[in-house]
Every structure is written in structure tokens, then in C-alpha cells.
Amino acid sequence: MCGIAGRILGSFGKLGDDLVELMDAQEHRGADSTGFAIYGAPREDGYILRGMGFDREQMSGDLDEFQLLLKEHGADYIEEPTIITDDQKHYCFRMVISDPRDLTSWITEADHLSDHIEVQSCGRSLEIIKDIGGSKQVADKHGVRDMFGSHGLGHARLATESSVLPNASHPFWARPFPDVAIVHNGQITDYFTWRDRLQRQGYRFLTENDSELIAVWVSDQIKAGLSMEQALKKSIDSIDGVFTYMIADPSGIGFAKDRFAMKPLVVIDQAGDLAAATEEQAVRRIFSGECDVINHDGPGITDFWPAVSGRLAA
Amino acid sequence: MSEVIIEVGDRGIREINREIRVACEAGSKIRVTNTLSRHNLGVGLPKGGEIIFEGSVGYYCGGLNTGATISIERNTGWAVGEGMTDGLITVGGYAGMSAGAAMMGGTIHIKGDSGPRCGVAMKGGHIVVEGKIGYQSGFMAHSGKIIALGGAGASCADALWEGEVWVAGEVESLGVDVDVLEPTAEEVAEVDAVLEPLGLKDTSREWRKMVSGQRLWYFESRDANAWLMI
Numbered sequence: 041m042c043g044i045a046g047r048i049l050g051s052f053g054k055l056g057d058d059l060v061e062l063m064d065a066q067e068h069r070g071a072d073s074t075g076f077a078i079y080g081a082p083r084e085d086g087y088i089l090r091g092m093g094f095d096r097e098q099m100s101g102d103l104d105e106f107q108l109l110l111k112e113h114g115a116d117y118i119e120e121p122t123i124i125t126d127d128q129k130h131y132c133f134r135m136v137i138s139d140p141r142d143l144t145s146w147i148t149e150a151d152h153l154s155d156h157i158e159v160q161s162c163g164r165s166l167e168i169i170k171d172i173g174g175s176k177q178v179a180d181k182h183g184v185r186d187m188f189g190s191h192g193l194g195h196a197r198l199a200t201e202s203s204v205l206p207n208a209s210h211p212f213w214a215r216p217f218p219d220v221a222i223v224h225n226g227q228i229t230d231y232f233t234w235r236d237r238l239q240r241q242g243y244r245f246l247t248e249n250d251s252e253l254i255a256v257w258v259s260d261q262i263k264a265g266l267s268m269e270q271a272l273k274k275s276i277d278s279i280d281g282v283f284t285y286m287i288a289d290p291s292g293i294g295f296a297k298d299r300f301a302m303k304p305l306v307v308i309d310q311a312g313d314l315a316a317a318t319e320e321q322a323v324r325r326i327f328s329g330e331c332d333v334i335n336h337d338g339p340g341i342t343d344f345w346p347a348v349s350g351r352l353a354a
Numbered sequence: 701m702s703e704v705i706i707e708v709g710d711r712g713i714r715e716i717n718r719e720i721r722v723a724c725e726a727g728s729k730i731r732v733t734n735t736l737s738r739h740n741l742g743v744g745l746p747k748g749g750e751i752i753f754e755g756s757v758g759y760y761c762g763g764l765n766t767g768a769t770i771s772i773e774r775n776t777g778w779a780v781g782e783g784m785t786d787g788l789i790t791v792g793g794y795a796g797m798s799a800g801a802a803m804m805g806g807t808i809h810i811k812g813d814s815g816p817r818c819g820v821a822m823k824g825g826h827i828v829v830e831g832k833i834g835y836q837s838g839f840m841a842h843s844g845k846i847i848a849l850g851g852a853g854a855s856c857a858d859a860l861w862e863g864e865v866w867v868a869g870e871v872e873s874l875g876v877d878v879d880v881l882e883p884t885a886e887e888v889a890e891v892d893a894v895l896e897p898l899g900l901k902d903t904s905r906e907w908r909k910m911v912s913g914q915r916l917w918y919f920e921s922r923d924a925n926a927w928l929m930i
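Chains E and W, in that order, give the protein sequences.
Taking our numbering, I'd label the letters of the first sequence as residues 41 to 354.
Taking our numbering, I'd label the letters of the second sequence as residues 701 to 930.
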């Protein structure tokens with residue numbers, strides 16, 4: 041059991057606050073780790089990276105190695121790394137880098153360092169913040185409440201299929217595609233079959249978490265030229281298990297639900313100002329007055345909600 | 701009789717449920733306000749209690765009801781009236797997944813639609829849905845009746861034991877091992893007797909009564925392919 045949430049603001053604003061509330065209301069669904077994906081003001085060039093290193097004693101060596109690799113790929117820091125630590129062994133970082141010559145080949149090589157330093161999001165606007173602890177704990181540590189954005193995702197994890205590790209929490213970045221993130225509530229039952237198949241194609245898995253599969257699977261679909269909506273639909277018959285997951289990109293948020301109608305999703309949509317969550321009491325934190333609630337309870341459902349930026353472009 | 705107002709807000713659910721129970725025992729009518737779709741409201745209420753929940757409630761509202769009359773103005777989350785043995789629960793709007801799960805007696809009256817697996821594993825009592833019942837409704841119902849006046853979603857009456865699913869209106873598809881029967885006049889009269897006190901009796905309905913085909917009762921693993929839809 042996990043809790044997921046999506047939020048699209050009517051206009052660019054204090055997104056972090058809402059996501060923290062949405063996840064705080066669902067903390068009883070899983071409080072071992074919490075994560076957020078926030079789409080802030082998009083950059084013209086350069087990527088915002090979020091990630092973590094697993095031993096803060098090794099931090100300066102890790103970062104030197106990381107920067108060296110960036111330089112080999114024709115990129116460098118635009119903003120030096122900001123480090124976030126507490127009494128845990130791992131450290132988290134945020135940095136802004138200039139565009140590598142080839143993002144895919146850079147991240148493929150950077151993932152060779154993932155036993156000690158791991159990139160968890162890369163995007164013009166996407167930032168994934170995830171860590172051990174409940175919603176408020178993670179939000180306080182990383183200053184999530186003060187983050188602005190147009191839309192984003194949240195996740196409260198109850199680890200059922202793999203260990204509690206800071207990097208095994210959600211959201212997952214659909215590497216190597218910038219600005220694509222997923223959150224998932226459920227279990228993927230053909231995880232090992234799919235993982236094996238995708239690894240043979242050259243994809244790398246950084247965790248043992250079955251939900252990471254969705255991010256990698258989605259990447260493979262994007263690579264094959266499918267749109268988000270097509271990938272969502274295809275996943276229902278391709279992936280076995282019980283799931284409700286959401287994918288976000290700069291244009292908005294989509295979701296897919298399995299064929300067995302097991303995992304709920306509740307939505308309040310007020311002319312595009314939208315909150316979606318596993319439980320109705322979470323979306324009520326955002327919209328407390330009487331309003332229409334959509335329960336996506338049926339089997340095999342997908343939908344896509346455009347973000348403000350996407351609506352303007354369209 | 702006085703009406704007691706109990707406010708939910710962000711207070712602890714145990715405290716609220718204790719207050720509801722105390723007011724029930726004092727014979728008061730109860731109105732629960734500012735419910736904010738929270739879970740586990742009004743669980744284990746006694747016979748004779750009369751409770752109205754304003755707005756929408758979360759999971760397991762009215763669960764383990766032993767005879768109270770509970771009314772929810774709008775929607776419910778999962779498993780309204782789970783495990784109830786007696787009483788009446790009225791849902792003004794939509795009832796989420798697994799309404800009346802494993803209930804043993806009493807009646808749940810849903811004015812809107814109900815979500816998937818309505819009446820899952822129910823062992824008695826009645827669930828009356830004015831709208832449409834969701835995917836796989838009646839799944840493994842042991843006994844009791846689910847009565848839908850506005851049709852049924854896919855995989856209706858899947859894998860029943862001795863429960864019955866009655867549908868007026870369109871059925872998207874049947875679940876596994878379902879027999880669809882023409883009900884006798886006597887059986888229709890029994891259903892009408894359930895509907896009459898709710899003001900829903902209408903003799904012009906064309907019913908489909910769904911019961912177990914009883915083949916799945918004797919499941920053997922070598923026949924799995926005949927049953928599995930995955």
C-alpha cells in the first residue's frame with residue numbers, strides 16, 4: 041500500500057505546499073519514505089539535477105568524479121552543487137549543469153557511478169526530491185513547501201517488495217528522457233520478466249523497487265516513439281499486476297489503472313485546477329468545500345490532464 | 701428528541717466514534733459535520749442509533765453496524781458498511797469500491813452508482829443500488845442479494861457462491877461461472893419487498909437474476925485455463 045498524488049495549479053504558484061499537504065494526508069498509507077516531483081519554471085538551457093550520494097564521507101571525491109565526467113561530455117556546473125544532509129549516511133544534492141553534448145550517453149556513463157552517487161532527476165524544470173521519512177519530515181529537510189511550480193507529483197511509500205532505501209523511493213525519473221517522472225501505487229507481478237527483458241536491451245536498473253520498472257518501461261516506449269497517452273494505454277495490457285501510476289512531463293500529468301480495478305484514484309478538477317490522490321481525504325486538503333469528486337474506480341482507465349504551461353502552448 | 705452535533709475536522713477518529721456511541725446510547729439523533737472524507741467514521745454502532753453524516757466520508761463508514769440507521773449525504777470511500785450485521789445505511793451519492801464487503805445482514809441503500817466489487821464476499825443482507833454497480837460486483841458473495849436498478853459494469857456476478865445479483869438494465873459483461881435466470885413471480889415479490897420500504901418498488905422492471913453456475917465450486921487446478929481471464 042502506497043499513496044500517490046498529482047497536483048496541477050490553475051496558475052504557476054506555491055506547488056510545494058500543496059504536495060506536502062496531499063502526502064501528509066496519506067502518510068498512514070506508507071511513511072517509510074516520501075518523494076515529490078516538482079515542475080518549476082522551465083529553463084531555456086541547462087538541466088537541473090537532483091540526486092544523492094550514499095556515503096557523505098566520500099562526498100568531495102564523488103562530486104569531483106561527477107564533475108570530471110560532466111566535463112568529458114562537454115558540460116559543467118552552471119550552479120555549484122547544494123548539499124542537503126542530516127544524521128543519515130547519505131547526502132542529497134541539487135545542481136544546475138550546462139547541456140551535455142549527448143544527454144543519453146552522459147547519463148549512461150554517469151549511471152556507472154550509481155553505486156556511490158546517483159542522479160535522480162534531470163530536467164529543464166523537473167526536480168525530484170525523495171528521502172526517508174514522512175511527508176513533513178522530508179519537506180522540512182528539503183524545503184519543499186517553498187518550492188514553486190506549475191504541477192507535480194507526490195508519493196508516500198510503504199515498501200512491500202524491496203528494502204527501504206533513500207534512492208528506492210519514488211518518484212522515479214524515466215531516464216534518459218529529461219523532465220519525465222512517475223509515481224506508482226501497487227505491485228508489478230511480472231517485474232523480473234520485464235526487468236530481464238529491458239536489461240538485455242541495455243537499460244540499467246538502479247534499485248530493486250518494482251516501481252522503477254514503470255519508469256524504465258515508459259522510457260522504452262518513448263524511445264519507440266509513443267506519446268504519453270499511447271504508452272499509458274499500452275501499459276494496461278503489457279504490464280501485469282495491480283497498479284495505479286501517474287506519469288508527469290512538462291505538458292501535464294497522465295495516469296493508468298490496471299485491469300483489476302484494485303488501486304483507487306480520486307480527482308477534483310475545477311477547470312484545470314486539479315488535485316488527484318489515492319484517497320479523497322487528501323484532495324479535500326486542497327479543495328475543502330463541496331464539489332464534484334471523480335472516482336476513477338473502474339478497470340483499465342487512462343487519462344491525461346494538461347498543465348497550465350501545456351494549455352498555453354495548445 | 702434532541703439532535704447532537706459532532707464535528708469531525710482534524711480530530712482523532714476514536715474520540716469522534718466514542719462521542720457518537722455515547723450519544724447513541726443516550727438516545728439522541730446525531731448529525732456529524734465537517735467530515736472531510738475521513739476514514740472509519742461511525743464504526744460498530746448499536747441498534748437504534750440514528751446518525752447523519754454531512755458531506756462525504758472515507759473508508760469503512762458504518763462498518764460492523766449492529767442495527768443503527770446511518771445516512772451519508774454524499775459519497776463514501778471503500779467498503780461502506782463492511783461486516784455489518786443489521787441496520788440500514790443510506791448513501792446519497794456514489795459508494796466507492798467494495799460497498800458492503802463481507803456484510804452479514806441489514807440493508808445498504810446507495811442512491812448513486814457503486815464502485816467495483818460491490819458486495820464482495822457478502823454473507824447476508826441486501827445492497828440496493830439505484831444506479832449502476834461497478835466492475836466485478838458480487839465477487840464471491842456467499843449469500844444475500846445485490847439489487848441494481850441501473851445496470852451493471854463488466855464481469856458482473858463473478859465467481860459467486862450462493863449470493864444473488866439482480867440487475868434491471870444493461871449488464872456490460874458477465875463474470876466467470878454465472879447463470880442468468882428468469883426469476884419467478886415469487887422471487888420478484890421478495891425483491892420488491894426489499895425495495896418497497898425504500899420507495900423503489902416498480903413492477904415494470906425486467907430483472908435478470910444472476911447466480912452461481914456452481915462449476916467453479918469444484919475448481920481443480922487442471923481446469924485453471926477455463927477460468928482465468930488473465
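Hint data in this document are derived by calculation from the structure and do not stem from the laboratory.
Computed from a prediction, not measured in an experiment: that's the story for all the values here.
We put the CB at the ideal spot given by N, CA and C, even for glycine.
Worth double-checking, as some hints may not be accurate.
To be verified - To be clear about the criterion: a stretch of chain W counts as covered by chain E if any three or more of its residues have a C-beta under 8 Å from a C-beta of chain E, and this derived list gives those stretches: (1) 745-751; (2) 831-841.
What the hints assert, rightly or not - In silico lysine to aspartate or glutamate, EDC-like type, Cα no more than 20 Å apart, as pairs: (3) E:LYS129 - E:ASP85; (4) W:LYS811 - E:GLU158; (5) E:LYS176 - W:ASP710.
Said to hold, decoys possible - For the chain W half of the interface with chain E, some residues (derived, Cβ under 10 Å), not all of them: (6) GLY712; (7) ARG714; (8) VAL757; (9) GLY758; (10) TYR759; (11) GLY767; (12) SER771; (13) GLY869; (14) TRP907.
Okay, the hints, checked on the actual structure:
1. 745-751: violated (count 0)
2. 831-841: That given contact holds, which follows from 3 residues of the segment 831-841 of chain W lying within Cβ reach (below 8 Å) of chain E.
3. E:LYS129 - E:ASP85: violated, 33 Å
4. W:LYS811 - E:GLU158: Outside the cut-off at roughly 52 Å; violated.
5. E:LYS176 - W:ASP710: holds, 16 Å
6. GLY712: violated, 13 Å
7. ARG714: violated, 14 Å
8. VAL757: holds, 9 Å
9. GLY758: holds, 5 Å
10. TYR759: The hint holds - TYR759 of chain W has a Cβ within 10 Å of chain E, the shortest such distance being about 8 Å.
11. GLY767: violated, 27 Å
12. SER771: violated, 17 Å
13. GLY869: For GLY869 of chain W, the interface hint is violated, since the closest Cβ of chain E sits about 17 Å away, which is over 10 Å.
14. TRP907: violated, 24 Å
Hints 1, 3, 4, 6, 7, 11, 12, 13, 14 from the earlier list are contradicted by this structure; the remaining hints agree with it.
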